[in-house]
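Trainee: With chain P's structure known, arrange chain A on it following the hints.
Here are the chains, one letter per residue:
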Amino acid sequence: MRFVYSTTILGLGLAVILAAGLMAPGKALGEEAESSLTVQVRELELRQEASFLSPVITVLRYGDQVTIISRQGEWAQVSALFSDMSGWAHMSGLTEEELDLNAGQGSLFGGADSDEVALAGKGFNQAVEAEHRSTNPGLRYDWIDWMEAVKVSPEESQAFLTFGEMAPDQESIGQESMGQESMDQGGEQ
Amino acid sequence: MRTRFACLFIVLVLCGSALSCVSTGTVVSAVQSAVVVGQAAAHAQEEFTPEQEYYLGRAVGAEVLAVYSPYNNVDANLYLNQLGQTLALFSSKPQTFGGYHFLILDSEDINAFAAPGGLIFVTRGMIKCCESEEALAAVLAHEIGHVQLEHGLEAIESSRSNEVFQVLAEESLSTFGPGELGLLVDLFGDSIKDITSTMINNGYSREFEREADKAAVAILREAGYEPSGLTAMLEVMQTRLNPQGTDFAKTHPLPSERIQELGAIGVGMDTVQPLPGRQARYEQFLAMVQ
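Chains as they are written, first to last, in my numbering: chain P, 1 to 189; chain A, 1001 to 1290.
With the rest of the complex left out, here is chain P:
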């Protein structure tokens, strides 16, 4: 009986210690990992300035890693690992999570094109889509591909805004919209 009480008390003690550890103020989101992030969109454009209307310096691919040099609102000045390129990227294209990439895809920096890299993601991916398409031949993926080919460049967006006499605050482009949750703005300014 004494043994049972000891075990129960020990279990309780462990649980309380664990709970205390978990509830203790942890590091803020990204406090530690923010220095190294991974591209989570198919293509991430690095720009000269922190604006979607700024010229593009280079394009990173899904799975590429970057380190943060400084932060400005929703934008981060980043440096791409394994290259000398740096520029401004919007934080929505980056994640602190490690992407669960498929084994056997080789280096993401070895020249694989974006489609091959996209295939590397775990879960619903290109392989699953291929199976879905083969069993649903009536689906119009041809038009989806056509849609995705229509891309408006920063210059076109700027011209559209200018011709339409719209005068948005340039710094608001790519920042949180009014009423939206604000992100942690740690890091250097």
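Hints in this document: simulated from the structure, not taken from any laboratory.
It cannot be assumed that every hint is accurate.
[To be verified] What the simulated footprint calls covered on chain P by chain A, stretch by stretch (three residues with Cβ under 8 Å from a Cβ of chain A suffice, anywhere in the stretch; the number is not a length):
| id | stretch |
| --- | --- |
| 1 | 36-44 |
| 2 | 58-65 |
| 3 | 85-94 |
| 4 | 122-129 |
| 5 | 136-150 |
[As the list claims (entries may be wrong)] Ranges of calculated distance between the beta carbons of each label pair, as one might list FRET restraints:
| id | chain 1 | residue 1 | chain 2 | residue 2 | range |
| --- | --- | --- | --- | --- | --- |
| 6 | P | Ser83 | A | Gly1268 | 49 to 57 Å |
| 7 | P | Arg133 | A | Asn1072 | 16 to 24 Å |
| 8 | A | Leu1254 | P | Thr58 | 47 to 55 Å |
| 9 | A | Arg1240 | P | Pro55 | 38 to 46 Å |
| 10 | A | Glu1283 | P | Asp142 | 44 to 52 Å |
| 11 | A | Glu1047 | P | Pro55 | 48 to 56 Å |
Beta carbons: idealized from backbone N, C-alpha and C, even for Gly.
Mentor: Chain A only, in chain P's frame:
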């Protein structure tokens, strides 16, 4: 943070179990139960990655285009994309895995759809409810709102999402055999059905529509458009919707109710005074979709 709370949940279950334990065997059993419950809770808190959202959205879009024909006019679709993709820059989710893309559907129905990941469709009937660029911008901003708030993904039954995350947690895709891949493909197909049946047949909840309207107002203001373009469009839509129709009339709250709710957040019925250059390019576009 979510993982921390999932672990905390396990610990709290452990605490509760320990308090009621009278034997070592029961403690072990309680620990095992807590771990199982905790794993289920952890799966429930997982999210689809942007890449998975992208592939779901492509499939949903392909379903929409199996029902509606695209309007095959390159210039009209280019204008729609210039407007839509520029607006998306002002959303709280300006980037998605594959980006935002817009397409006109060749239908007189009054309808618009937003597939997860940023594929957005607008019928010619809907466009004709828009008498100004501000009004069309409001329609697109509302759909962008659905994307940024991930309403499409919310339409997937939670039990199905949990099953997907459980399959992914158990096996690395690299070791998937045909059976596991087949299961994932089935779950993919069922998830698509969940989304399309909500989007096309049943509509989102009133709360989601209200959230999308609020997001639209924010996007329009940031971009420099007068948000009353949204109420102007709803007023025209009100006169054209067939209450028995299977389009917007079936899947959305009444325009009058939306106008009332917009009033509550400061968007009135002010007449939109379009600028000449802006209106000229819009009328040129409108002529292409008549």
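Trainee: I'd like to know which numbered hints this structure contradicts. Please list them from smallest to largest.
Mentor: Hints 2, 10 and 11 not satisfied by this model.
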